[in-house]
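Asks: Read off the chains here:
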Amino acid sequence: MGNSMTDQTQTSEMQTPPRDQSDQKPGIIRVEGMHKWYGDFHVLRDLNLTVDQGERIVICGPSGSGKSTFIRCINRLEEHQQGKIIVDDVELTDDVRQIDTVRREVGMVFQHFNLFPHLTVLENCCLSPIWVRKTPRKEAEATAMEYLERVKIPDQANKFPGQLSGGQQQRVAIARALCMKPKIMLFDEPTSALDPEMIKEVLDVMIELAGSGMTMLCVTHEMGFAKTVADRVIFMDGGEIVEEAPPHDFFTNPQEARTQKFLKQILAH
Amino acid sequence: MKKQTFDTRPAGPKPWNDPQVRSIFFQTIAIALVFWGGWVLVENTLSNMESRGISTGFGFLDETAGFGIIMNLVPYDATMSYGRTFWVGLTNTLLVSAMGVVAATILGFIIGVARLSSNWLVAKMALVYIEVIRNIPLLLQIFFWYFAVLSNLPSPRQSVDVGGALFLNNRGLYLPEPLTQDGFGLVWGGILLAIAAVVAIRVWAKKRQLATGQIFPTFKVGVAILIAVPIISYLAAGSPIEWDIPALKGFNFGGGITIIPELAALWIALSLYTASFIAEIVRSGILSVSKGQTEASKALGLPNGLTLRLVIIPQAMRVIIPPLTSQYLNLVKNSSLATAIGYPDLVAVFMGTTLNQTGQAVEVVAITMAVYLTISLLISLFMNIYNRAVAIKER
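Residue numbers (my numbering), protein chains in the order written: chain E, -17 to 251; chain Y, 143 to 537.
Be aware that one or more of the hints could be misleading.
[To be verified] Interface residues of chain E toward chain Y, partial, derived using beta-carbon atoms under 7 Å: (1) Gly15; (2) Trp19; (3) Asp82; (4) Arg86; (5) His94; (6) His100; (7) Trp113; (8) Arg119.
Rather than coming from a laboratory, the hints here were simulated on the basis of the structure. In this text, a Cβ means the ideal position worked out from N, Cα and C, and glycines have one as well.
Next up, chain Y with everything else stripped away, as it sits in the complex:
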């Protein structure tokens, strides 16, 4: 007897009811629309520029800029090219962003923990800080620090003088600049030696704890070594640093390092503003760890500090990292508000002055956007790698 097989499955749906056919159809339409839109934009721009006689291309980057910039981390003067103004703007943006990320993280974690303090006054002060700062527009806060606080500092002649070396006035904060002399190599050697010693001690202490159970005060000893060894090597090398102390010359100070008020105002405002958001993220992260975890840890005899370090924070971090990443991205992008007070960041210098002088709007805007996109994607990448490292494995 021949075996007969029957296909008992019901007949497939009509093509227009088949989810796969539908999705291919709609995706094709969507892609076609995107390409058509892009083509119209490019076509339109090119024909408009042609009719106005604007040349395209990146040749303008080699032309002489001819304008001054009040702060530059890479060497710059007005005789250099537009390409150079890009690097000045970029480094200034990176500087204020990096300073902002560090300050906002530290401040945010402190305030976030303070918000959960059992001390009523501390918790309420943190609450007031968060609610006030995060509910006022950032631009307003930048103006506040720049015009209301820093501009009202005394003039250079009436500078606030700290020990004849550090001066604060409405033109900025003036710090002595260390100039390394011959023999400073020994101090670098000392610093490297100290770092190597601390790393070695950490490894050794961990090994000893695993082997004998004894816990070594790595942190305290490490700090002591990091401070003591460079100082000793500095003295041994015969103090090979000369200080360039700022001094009043005419109407302003010369020498030393200057922190201009534009940078200070932007940095303070960005840090305080972002810290208020980070504080809330930290608070929610800590609260997301259930009370049972704390209780289990305490019941095992772990004191409060170890409970926080070994049980609460590792679990809170996985909740904190993703929103923390977006705060870092926000901070970098918000730093472009620098334009409002004249801090020479990428937007102010390159998309402002350079764009105005050259008229190369498409190229300049494209470069600037590409830079912000790159910075943001890099931050996301690093934070995602870190996040994967702290994520909890389940099932």
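This is chain E alone, in the form it adopts within the complex:
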């Protein structure tokens, strides 16, 4: 299969990183019978999902299928109206304290990076550790530099986000989220706003992160990434989870008609 999407990750010659099974906690994210409405519009219908610690989940589906809305519910950027979401033993309710507790442990990377333009790269990374975790600045800066090195841009630390390319900005965004030492990372189409030649540098960082045992939920259209990294692929359509399978089965032997149609469309060009 020589399509452009899979090429991105195949060229990086990464094998599926081995999972560290030692300190796994079952069900770090538990979603039970969750529904969400926008007014009268039923966006998410009866979602059920359990994610173990260290698991890597890729969520895909056609646009408007509710996949972004779904992962935004997991750190309560969107409210759900029915059912339960329990993250690291804390249930997401209207309680602001519980929401803040969950958000501290869940990092998120957005499609449009959302870096703070008035702060330097280093300040972006240190802001939350200093104000939320109350880390001394020196320590926060040392940690930030560590993660900036991991995403391979320590030399840009004192620049402003507007001075960086899209790929660099997204890598800063990943480093910024990691500086809070989260237990879970959410990725909301992290490569969709990038030029093709920058997609690889971001995916490489994500693959490296997956190898370190991070629990990851990733909404993406990068099927090559899904094949390389995911433990499970979830296919959503019309606000429902249509199919859920390990990547090999998902791509070679999809069960549902809608999944087959979707895969045909995205892989056949």
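Chain E is fixed; fit chain Y onto it per the hints.
Replies: For chain Y alone, coordinates are given in the frame of chain E:
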């Protein structure tokens, strides 16, 4: 073989098509027109004044004014010079402008944020306030406060009496005046000490946060110190303040401090009017920060208050400052509507009475215009400096 060079560039345009020649030509014409216009004006004025026997010059400023002014911040009475009336008018203008800028800023920010409130009633009330106030002419509002509200307060004999110290009637608001006695120096010392302590605590708290990460409640402790230390030093000095309490003498009150209704009406109207514009500026500034910024901040675990303080406001300020500057300039210039209700500002006193009595129209108008120009340019200068400090660096 000799190397030959060819200029392969096309020949330059004809002079009348050359943009540089054109711009020099038109600029020369424009400058010539301006100078000619200016010369005609000056020439005309001088010859007219000569034919009417009006003397020019600023000598009139030393002559005795001979008229009273109802409010003066610098010492003044009718025996003083016209030059002195200028200072009285100027200080009155500066007073009402400064009071207006402060009140309009505070009110404007509150209403601007209220306009974005998720509380339906609060948001709609802010909307109604803005739409009503900013769509009624300012002069009308000044008249409203002066004639419809403040003139209808009771007469001095039926004053609204608050604790026998504060009186409100149609002649103004009368407040007790603190007269400092011997030993008040200790209280000044206390105030300075408190300020120094707060500054020191701020520096120390910042340093400690950087070093250990602990956040000190600087604001609460600072307020406590600013209140407690002066009070303690006041008591320690044996309460060295005597209050000059206003009292009814004949038909009016004497003693204390008076806020005349002209000042109050002008101040209220200017503040409310300008606040409605500032509110819209603040709202647009906050809305200009994309939703993604709030989401990113929340996703990092920053609570709402910190999100507003560390992420939203710093970015909103760069959008707010430039139009805010023009509102401040408007307020200062609008304060000249004081003439309409007789508040003795620069225009009412100097360009009104002084001009009428001396007839030195050119000099008086020139001075007054120069003053407003100077005030406006100074405000612009300070706001531009501030703006540069909060501007975002990109590329």
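Asks: The structure should be examined with respect to each hint, and the outcome stated for every one.
Replies: Hints, one by one, checked against the model:
Here the hint on glycine 15/E is broken, as its CB sits about 25 Å from the closest CB of chain Y, past 7 Å. For tryptophan 19/E, the suggested interface contact is broken, since its CB lies about 19 Å from the closest CB of chain Y, more than 7 Å. Here the hint on aspartate 82/E is kept, as its CB sits about 6 Å from the closest CB of chain Y, short of 7 Å. For arginine 86/E, the shortest C-beta to C-beta distance to chain Y is roughly 4 Å, which falls under 7 Å, so the interface hint holds.
The interface hint given for histidine 94/E holds, since its Cβ lies 6 Å from the closest Cβ of chain Y, which is under the 7 Å cut-off. This hint holds: histidine 100/E has a C-beta 5 Å from the nearest C-beta of chain Y, less than the 7 Å allowed. Because the smallest distance between the Cβ of tryptophan 113/E and any Cβ of chain Y comes to about 6 Å, under 7 Å, the interface hint for this residue holds. Checking arginine 119/E against chain Y by beta carbon gives a least distance of about 4 Å; that is within 7 Å, so the hint holds.
Checked against the numbered hints given earlier, this structure breaks hints 1, 2; the rest are met.
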